[in-house]
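As you go down the protein sequences, you meet chains A and B in turn. According to my numbering, the first sequence holds residues 1 to 285 in order. According to my numbering, the second sequence holds residues 1001 to 1504 in order.
Think of the hints as simulated: they come from the structure by calculation, not from any bench. Keep in mind that a hint or two might mislead.
[Claimed, not checked] Simulated pairs of lysine-lysine, DSS-like, Cα-Cα distance not exceeding 30 Å:
#1 B:Lys1085 x A:Lys48
#2 B:Lys1322 x B:Lys1491
#3 A:Lys217 x B:Lys1432
#4 B:Lys1177 x B:Lys1189
#5 A:Lys247 x B:Lys1491
#6 A:Lys60 x A:Lys48
#7 B:Lys1432 x B:Lys1189
#8 B:Lys1177 x A:Lys247
#9 B:Lys1338 x B:Lys1177
#10 B:Lys1384 x B:Lys1338
#11 A:Lys48 x B:Lys1189
#12 B:Lys1189 x B:Lys1384
#13 A:Lys247 x A:Lys92
#14 A:Lys217 x A:Lys48
#15 B:Lys1177 x B:Lys1384
Just so it is clear, the structure is predicted and the values come from calculations on it, not from any experiment.
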Amino acid sequence: MLLLPSLLMTTVLFIAPVAWTLYAAFTDLHLFRVGVETEWVGLYNFQKLLASSSFWRTVKNTVVFMLGVVPLQFVIGMVLAVCLDNITRGLKLFRTWFLMPLMMSPVVVAFVIGRMLFQEDIGPINSLIRWLGFEGVPWLTHPNWAMFTIMVIDVWQWSSFMTLMLMAGLQGVPYDLREAASIDGASFWQTFVRITMPLVLPIAATALLIRIIDAFKVVDIIMVLTGGGPGQATESVTLAIYRAGVKGGDLAFGSSQAYFLLVVMVVFGGAFLVLTRRTMSQTKD
Amino acid sequence: MGRDLNRRDFLRLSGTAAGITALAACAPGAPGDGTGIAETEQAVIRFAGLANMGATVEGFILPWLDDVGYGWERGAFGQQELTDKIMQSVATDTYLADVFQFPSNARSDVINANALYPIPDFVLDAIDFDDILPSIVGTLSWGGQVYSLPFDGDVHYSAFRKDLLADAAIASDFESKTGYQLDPESGAKTWDEWRAIAEHFTGWDWNGNGEEDDYGIATMNKRGDTLWWGFHSRATAYAKHPDDPSYFIDIDTGEARVNNPGFVRALTEWVEENHNWAPPGGTGFTYGDSLNAMNGGRVVQTYNWDAVTTAAAGEFSVIQGKQGYNHLPGSHEVYNHKEGGWESFEEPSAAPFLAFGGWVIAVSALTDDSVIEQVWNMAIELAKPESGLWFVTNLTGCSPYRFSQLEAVDEFANGPLQLGEEVAIDYLNAAKGTLDHPNAVTDQAFGGWVQYRDALELGVSKAMANEADPQTAMDEVAAAFNEISDRMGGKEHQAELYRLTLGL
Chain A
1 MLLLPSLLMT TVLFIAPVAW TLYAAFTDLH LFRVGVETEW VGLYNFQKLL ASSSFWRTVK
61 NTVVFMLGVV PLQFVIGMVL AVCLDNITRG LKLFRTWFLM PLMMSPVVVA FVIGRMLFQE
121 DIGPINSLIR WLGFEGVPWL THPNWAMFTI MVIDVWQWSS FMTLMLMAGL QGVPYDLREA
181 ASIDGASFWQ TFVRITMPLV LPIAATALLI RIIDAFKVVD IIMVLTGGGP GQATESVTLA
241 IYRAGVKGGD LAFGSSQAYF LLVVMVVFGG AFLVLTRRTM SQTKD
Chain B
1001 MGRDLNRRDF LRLSGTAAGI TALAACAPGA PGDGTGIAET EQAVIRFAGL ANMGATVEGF
1061 ILPWLDDVGY GWERGAFGQQ ELTDKIMQSV ATDTYLADVF QFPSNARSDV INANALYPIP
1121 DFVLDAIDFD DILPSIVGTL SWGGQVYSLP FDGDVHYSAF RKDLLADAAI ASDFESKTGY
1181 QLDPESGAKT WDEWRAIAEH FTGWDWNGNG EEDDYGIATM NKRGDTLWWG FHSRATAYAK
1241 HPDDPSYFID IDTGEARVNN PGFVRALTEW VEENHNWAPP GGTGFTYGDS LNAMNGGRVV
1301 QTYNWDAVTT AAAGEFSVIQ GKQGYNHLPG SHEVYNHKEG GWESFEEPSA APFLAFGGWV
1361 IAVSALTDDS VIEQVWNMAI ELAKPESGLW FVTNLTGCSP YRFSQLEAVD EFANGPLQLG
1421 EEVAIDYLNA AKGTLDHPNA VTDQAFGGWV QYRDALELGV SKAMANEADP QTAMDEVAAA
1481 FNEISDRMGG KEHQAELYRL TLGL
């Protein structure tokens, strides 16, 4: 009986929308097609999806983005977390400072950092580059540079999330262990790899998983900065879903894309968790 | 294939589950409860519009509402969000507001969903509907019935630096190099002239800032922003034949036309121009970027909706009083799709693009009967000639749409915009030359226009990024157009809607 409220909430907030979306993906439901009945079309939307080079381009972009930002955020986050874990003065100030990007809206970050700093004509970064005697960089209008710029902005904003999580992990590592290793003659690096990392691994894996899922869903920065362009160079799967389902009214095709993304994320997330668990048990052994 | 669930039933049924969670949020009187009447029995009119334009409407109408004793609630939305909200409310028969602002391109979707009250004759009489330009009447009507009220006659104008084109030394140098004569009154009369001007003014210090960072053009071409309008304004002169009403698709067969040689030539030239003669980043400029480049004195020519009013505003512009205006350039060669070849014209054939057609105001069919009289009264107050003149002669983003407004030189010259007489005359002539042009191209407004827009923006953006050559890019766009037409009810159905948007 006590389970009823939570079951109800789960059903209404999670199961119903997911089931509805799945059903929609097998129909030709369209928001703007007036006077035409919705019909069951079987696997048509998924066949169309798999045959679409445009869709696969968005998948590629999303994977490239995820692989570009998450490892970098992890490394930067870890370096900052270790530094913050070792300083004795000004910890609160630095911690607040490093967490500030996290508190800003991605749309604001994309506009202020992206469209203003990286403005190609009169933006301060290109002005500086030209002042130094080099050619300005086409930050947002060359396919490769546009993806790079989006990655830079995402890394700037979300590295602090990694810092926050990894700092929590580092502060949970007993100081005695590190001190004992140091007395036994272990270097900082040996202590970090053999003692600190294995103990931080569970929380690091959680942080990585959260960021991987977030990166798969990236849309806001891209929408503000490039609109998916130039060409299709920065269009993510989520932006394509928004364009098809919300803007274009093609709820059926949008739903099929959303399900594809969900399946990819579940498979990827599952594989990541299995790998992490295996690594952790090997470390224990 | 089999099932037979009505689209609205389907959306309603599925919405029920989500609705359970929304119950808690549905406090009495909350926007969206559909009552239209507050507890005090005061008639409350609910308005949904763009955040900025809605605030302007509110500022204008509140004193009147106070006088007549009506209440007012305003929903503010972003540009894209507003269209999405309206279409979602239309598709699900959900009350959004009594009066809402919507882009006239969406009229097929909105009107065919029976989402609007037809405008009664007494309202049309009260706002002097006969004074409205026929091209604007087309954006307000469907099948001869008027469904919305005018607010804004948005179209693209050509804007150019009249002071530079009038400079004798520059003109002489230009003529010796290109063979064309600069005309400070008309600007570029053809796209060939536009290109010659763009090239000539790139790379030397004509703005006198000590740097050779001056360019020929700036156009809106960022995907997801306003690329659709930027591209079509560039393409109509080549692809719209004066004797053929079709442009986007064939009005008889519904087949896409966007990959014919007229469109491909326009794209080829547009890509080249933006790569060579626009400021850095000019291949990804938003509408605002292109305006800023013009008003900041970096480029000589552009085309835009608001080039006139923003250039006049001191806080946005260093070129006050220096700009000239005209309808978009034409071409001596136009592609004749029916005959399958290029046709030469002794005088340039122009086809000004009624880019977007403007925001319109409409009354929701779900407006409660108890407030409908007050809603019509407010609609009259907003759309009557005096109000219209106020909106187009202030910095509101609204452009002329009435014959009487095109004659109001003094109000534009010496009113709040302070254009001065010369600029005001140029501007109003450009507006008249566009809105009243016999070969003007009505913007795409048949069902599902947002999907067509996305498809075109993707293809053009690929060409702009050199990811595809112009022919391949436009072939992809044409294939996408045909696929969208098939999905939206078939090519013939879309052709029929297209004919209706053209008033045929």
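Hints versus structure:
With a CA separation close to 28 Å, the supplied pair Lys1085 (chain B) and Lys48 (chain A) stays within the 30 Å bound. Taken as a hint, the Lys1322 (chain B) and Lys1491 (chain B) pair is broken in the structure, with Cα atoms around 47 Å apart against an allowance of 30 Å. With a CA separation close to 47 Å, the supplied pair Lys217 (chain A) and Lys1432 (chain B) exceeds the 30 Å bound. This hinted pair checks out: Lys1177 (chain B) and Lys1189 (chain B) have alpha carbons roughly 18 Å apart, not beyond 30 Å.
A hinted pair counts as satisfied when its Cα atoms are at most 30 Å apart, and Lys247 (chain A) with Lys1491 (chain B) qualifies at roughly 21 Å. The suggested pairing of Lys60 (chain A) with Lys48 (chain A) holds, with an alpha-carbon distance near 17 Å, which does not exceed 30 Å. With a C-alpha separation of about 16 Å, the suggested pairing of Lys1432 (chain B) with Lys1189 (chain B) holds against the 30 Å cut-off. Annotation: proposed proximity of Lys1177 (chain B) to Lys247 (chain A) is violated, straight-line Cα distance about 48 Å (limit 30 Å).
Under the criterion of a C-alpha separation no larger than 30 Å, the hint pairing Lys1338 (chain B) with Lys1177 (chain B) is inconsistent with the structure, at around 37 Å. Note on Lys1384 (chain B) and Lys1338 (chain B): the hinted pairing is violated, with a Cα-Cα distance of about 43 Å set against a maximum of 30 Å. Restraint check for Lys48 (chain A) and Lys1189 (chain B): the C-alpha separation of about 45 Å exceeds 30 Å, so the hint is violated. The straight-line distance between the Cα atoms of Lys1189 (chain B) and Lys1384 (chain B) is roughly 36 Å, outside the 30 Å bound, and the hint therefore fails.
For a cut-off of 30 Å, the pair hint linking Lys247 (chain A) to Lys92 (chain A) is broken: about 44 Å separates their Cα positions. Taking the CA atoms of Lys217 (chain A) and Lys48 (chain A), the gap is near 21 Å; set against the 30 Å cutoff, the hint holds. A hinted pair counts as satisfied when its Cα atoms are at most 30 Å apart, and Lys1177 (chain B) with Lys1384 (chain B) does not qualify at roughly 52 Å.
Hint check: violations occur at hints 2, 3, 8, 9, 10, 11, 12, 13, 15; the rest are consistent with the structure.
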